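> Since the structure of chain F is already known, use the hints to place chain G on it.
Chain residues, written in single-letter form:
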Amino acid sequence: MTASTYQLPPQSSFSRKVKDNFFASPFDCLVTLACAVFFVAIFYYIVDWAFISSIWSSEDEPLCKEASGACWSVIDARHRIIFFGLFPYEEHWRSTLACVVMVATIVASCVPWFWSTLKLSGLWIIGFGIFYFLMAGGVFGLSVITPERWGGLALTIFIFAAVSIIGMPLSIVLALGRRSKLPVIARLFGLFIDFFRSLPLLTILFTAAVITPFLLPGWLQGDKLYRVIAGFAIFFACYQAENIRAGLQAIPPGQDEAGLTLGLTYMQRVTRIQLPQAFRNSLPAIVNQFVITFKETSIVTIVGFFEILASGSAAFGTGKWTVYYIEVYVFIGAIYFIFVFSLSRYGAYLERKLRVGHG
Amino acid sequence: MGSLLGSRKSREILFQALVLSLVAALLVAMVMNTRASLEAQSLTTGFGFLERSTGWDFSFSVLPYSISDTYSKTILIGILNTLLLGFLGIFLATLIGIAIGLIRTSKNVLFSFLGTVYVETFRNVPLILQALFWYAILTHLPRPRSALSLGDAVFLSGRGLYFPVFNIALWSVAVMLAIFIAWLFFLPWLREQMNHSSAYHSIKKIGWLMLPVIMILIGYYARIPDTPLLDMPALKGLNFKGGMRMPPELSALVIAIALYGGAYIGEVVRAGLMSVPKGQIEAAFVNGLKPIHIFSRVRLPLAIRAVLPSLTNQYVQLMKATTIGIVIGFSDLFMIISTSINQSGQTLELLAILMGSFLVINLSIAFVMNSINEKIAIKGYEVKS
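In order, the protein sequences belong to chains F and G.
Numbered according to the numbering used here, the first sequence spans residues 2 to 360.
Numbered according to the numbering used here, the second sequence spans residues 53 to 437.
FYI, nobody ran anything at the bench for these hints, they're computed from the structure.
There could be a bad hint or two in this list.
Not everything, but these chain F residues come out facing chain G in the computed CB check (under 10 Å) [what the hints assert, rightly or not]:
| hint | residue |
| --- | --- |
| 1 | F24 |
| 2 | F39 |
| 3 | S199 |
| 4 | L200 |
| 5 | L202 |
| 6 | T204 |
| 7 | F207 |
| 8 | L217 |
| 9 | V292 |
| 10 | L310 |
| 11 | G313 |
| 12 | S314 |
| 13 | I327 |
| 14 | F338 |
| 15 | V341 |
| 16 | S345 |
Every value quoted in this text rests on a predicted model; they were computed, and no experiment measured them.
Think of the CB as a built atom: it goes at the ideal place given N, C-alpha and C, for glycine as much as any other residue.
Just chain F, with the same shape it has in the complex (with noise of 0.2 Å):
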């Protein structure tokens, strides 16, 4: 008889899950309401628009003026310029074989097991490689393209790769040196990156593209794609660098004092016990920095690159594709969408996971 006195604690079935997320008052139920159909209003007008009343082939396209929907003839008549530039018809293999490599570098670098200095660089020197020689050619009886060729995805991604494989050990190097024990080592490296950080990418771009010419001598010059670069490189490296240096930072320093009293030497205590720990500490940052790098790749195209913004802008440039820009723009989005959610989504993975580690 007693037993029935007590109330049961609420369980935490279904229908009360449903109650407290939808139903809690009545005005939540009044915004759920609105927010179910305006969703179901976007998802039908998006839908609508991009698959059912949209026309896909490219000699359909004198029917785009009677259609509702989306006009995909121009992404199938113009795709090739989109995703290859002007790199050579015959040659797109090439160009489509390289980005497959690299994009396969980019998700086996984001697997755990290859998380060590020695997989992940041999991981990406080799990935890398294989990039460049596939888009530059001149081995195995592959023709000369070279760089001012290079166009679309493929000149996006080889900018992104590039940026990264310089830039990451550069920043470790700048977060090393901006928390050496010499003031003035420190004081310069600090300089360095806060200067570089003070400035907007483009004006760093634009220096590399139109102003080193100036300031160094012929020999050190190189190409305009390199030198751009190596500009972006320096900048993505700055960011890195004080994201590497918040992870130093985090490391208690009982954990170096006790590599120091067990006699280890200053690079033994580095990659044994500081950087591993400092990865560790802000990895989702790192992340982070890639996914913004990647959008701002888009950048490159202002100071004078065929990137895949530029390449997308010259798909609707002629003829009768000049109306069609809202679905160009939508296809480049949508590439970008793919890549940056993905690396996005994938940091929000490692925050979850390394916040559980952490307890």
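Just chain G now, kept in the frame of chain F:
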């Protein structure tokens, strides 16, 4: 032992001196190399060119200008354009960000999902692509003849947004703004002086009532003679005359920066709201505060303190992002400087002006935000961001 320590110290000093002289040598070599290559092109260095007139046109200016203006005035216009674009974009981005932050922390799952969709859509596409997109949309709006209109006062067409303005001199607007800002800074100072007494509250009330009166008087005094008070845009021939025009370049950039920045600021605001310790909210609840007061008196004030440092960071980033305006031909500081470099060849001087201006603008934003941060900090309560 002493000699060992001494030798290590001297080794360190020697090493640092070596690095320092290496950097100095590098800089000197760069300067000498630049000198040589400039001389080869027979260009003179120095800032004398700033007083020469430019002779070229650009797309947008907040001040009246002509192509015979000097380089220094043109660059000043560039800085003002950048500031206008930056402040409009940052202001709207903050409003959107606060809304999105609130939506994303809502308990209603469907409602917070709305915020998530917004953030993921606008954050994962490059800003420059968004600017191009909005620019394409805005320039493809109907011609002025069939413009969209709002009460025959505001018109939106492919040529831009036209809206009515007061016919008053430009200086008076600056004076009004200065008075308003001075008043905002004067209030907290007065409160400290008068120790929150009731006299302070009556002064505050009178001040708020007097402010619009003073503004109207200044505006009346600064009226441009022989013109109607309100300058209305009206269709004359193929285009609008009168009123103020917001060109599509500026609108597209403001929309892009506001939407893109709003997504980032929304995340900052959300993190701030979530960082408020649960105990604080529970304590407020136990003390019998209403939900609205728990939000406005406890949660929001603590969240604002938590987000200010990351908000500063976002503002600086958005200010730097205005440089992409060149891609759709908005004459911001970067575009003015790069055109000047093309036209005058004074590369290094102009680059120094560009970098110096951004340094000053960004440091000012950081300074203002940091002083707000210090002013509102609560003693003994450490904010986690």
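> Let me make sure I understand: some of the numbered hints might not hold for this structure. Which ones are they, in numerical order?
Violated hints: none; all satisfied.
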